[in-house]
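Undergrad: The residues making up each chain are set out below.
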Amino acid sequence: MKNEIIITVKDLKGKHHILHCPTDMGFTLKDMCVAYELPMEAVCGGMAMCATCHCYILNDIIGIPQKNDAETALLSEVMTTTANSRLACQIPLTNEMNGLYIEIASE
Amino acid sequence: MIETDILIIGAGPAGLFTVFEAGLLKMRCHIIDALPQIGGQLSELYPKKPIFDIPGFPSVLAGGLIDNLYEQIKQFKPGFTLNEYAINLTKIEENLFEVTTNKGTVHRAKAIVIAGGLGSFEPKKPLIDEISSFEEKGVNYFVKNPEDYTGKNVVIAGGGDSALDWAIHLSEITSSLTLIHRRNEFRGALDSVEKVRLLKQKGKINLITPAEVTQLHGNETLEAVSVEHEGETKTIKTDYFIPLFGLVPRLGPIANWGLEIERNAVKVDNSTDYSTNIPGIYAVGDINTYPHKMKLILCGFHEAAMACQSIYQRLNPNKKFVLKYTTVSGIDGFDGTRKEAEKQVVASID
Ligand SMILES: Cc1cc2nc3c(=O)[nH]c(=O)nc-3n(C[C@H](O)[C@H](O)[C@H](O)COP(=O)(O)OP(=O)(O)OC[C@H]3O[C@@H](n4cnc5c(N)ncnc54)[C@H](O)[C@@H]3O)c2cc1C
Ligand code: FES
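Chains A and B are the protein sequences, given in the same order.
Position 38, counted from 1, in the first sequence is what my numbering calls 38; the numbers after and before it change by one each time, with no gaps.
Position 298, counted from 1, in the second sequence is what my numbering calls 405; the numbers after and before it change by one each time, with no gaps.
Calculated from the structure, these hints are not laboratory results.
Please note that a few of the clues may not be correct.
No more than 27 Å apart at the CA atoms, straight line, and that leaves these computed lysine-lysine pairs for BS3-like [said to hold, decoys possible]:
1. K402(B) <-> K10(A)
2. K341(B) <-> K133(B)
3. K426(B) <-> K402(B)
4. K13(A) <-> K231(B)
5. K232(B) <-> K13(A)
6. K67(A) <-> K231(B)
7. K232(B) <-> K10(A)
8. K244(B) <-> K231(B)
Distance windows between CB atoms, simulated [claimed, not checked]:
9. P39(A) <-> L203(B): 36 to 42 Å
10. L58(A) <-> K307(B): 37 to 43 Å
11. F27(A) <-> P317(B): 30 to 36 Å
12. T321(B) <-> D69(A): 25 to 31 Å
13. G440(B) <-> M47(A): 33 to 39 Å
14. I385(B) <-> T8(A): 48 to 54 Å
15. N425(B) <-> P39(A): 47 to 53 Å
By construction, the Cβ of each residue, glycine as well, lies at the ideal position given by its N, Cα and C atoms.
Please build the complete structure, drawing on both the sequences and the hints.
TA: Right, here's the structure in full:
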């Protein structure tokens, strides 16, 4: 469908969820995980303040925006950060991200 | 023992406004909160950020909204138990509940309003093996009484606003203050970063970045920390280690009170009065859930008003609840003050 992409999310128990995400509503990856009621707390509501939307990007997808300063700084304080860590609230969804595969990080 | 009409658990906007609605109906309130200050998420997470969807306020700072709410409720003289978690809740008899905190403070009330938001905030702890054995023995996750650090050696770790703000504040009274962060860059208000830079130049703050506290040492109490910095490990003598890595909310003890819980929230009846499955216990604000719930401040205010009128009717079954407009009837505080609209005059104009 036009302006809709599919994202696969692995939750903390290893279960996979298929998310149908509109790309023309200004949603972030965090917004969709919350809308699908996945176990992502996103306490600060997407202000790059809490890191409870921490996830790992599991496949190579072009079009994911670079980390901004706030995201880089906050992730550096999280104990479970790895090279593929991102904050889902800092990733606005675009059509290029179709097929993205992520895993929700534990704290 | 503290006795009151309504015991409110949580001093966020929903809990604070409950005091006002209860006061209009002549019911007294006492509030418990795990944090040392009132305001819930607004004070803890975003005090200096603006909110744009409070009716009547095109823009208001979160901290300012809490100040205003306090100003609005203070004439109803609410009591506060701050810095303590509500742990146990038991029903003693019809219309009498008892709530105990982690510090053993006992509260009794005729009704309970749970306004616990996302739950009580708990500190994120660094992954250091021996840390739990030093908690309250040199390791503190909150700064409760700044005076405790007078003349002491203190190590703070963290890279956000609270690490910066406490480093600035405590450096005025400590014997030495070391600030440690995993990166060279800090995340915080520009003027705080600037102040720390100045204090470092003046030798008031010993700044070590990029670095990490990896071990704690001491017999009974903390005596030193090991710090890893650019491949080397050195030991710093210290009386206190304060890791400030932010807070995460946990539903915590509320989950064990026999309330119906759904998706980390307390189920309530939104068609009437936001009551829970236990008569006499209500839940308002972010902590409750019902079909189409929206976690917004304005929804919490509405829920507080509905819960209070229901409590009034529970406690006064023989009195009729009459809705009054504050403009028309004015408000009488428990402190003897009265607020009212100016009276109309009947006079001729010559
Ligand atoms: C960054 C950010 C921006 C936001 N922006 C907006 C906005 O623009 N508009 C809007 O309407 N909403 C906004 N919100 C949401 C809003 O902050 C919440 O809806 C609101 O704080 C809920 O209020 P509350 O009183 O229910 O709970 P909270 O504010 O969460 O307060 C609950 C309090 O209960 C205490 N507590 C919990 N359990 C216990 C216990 N067992 N013992 C003792 N104390 C306990 C906690 O310590 C806490 O202080 C925002 C939230 C965030 C994080
Ligand atoms: S939701 Fe808090 S950092 Fe993303």
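Undergrad: Hints broken by the structure, by number, lowest first?
TA: 2, 3, 14
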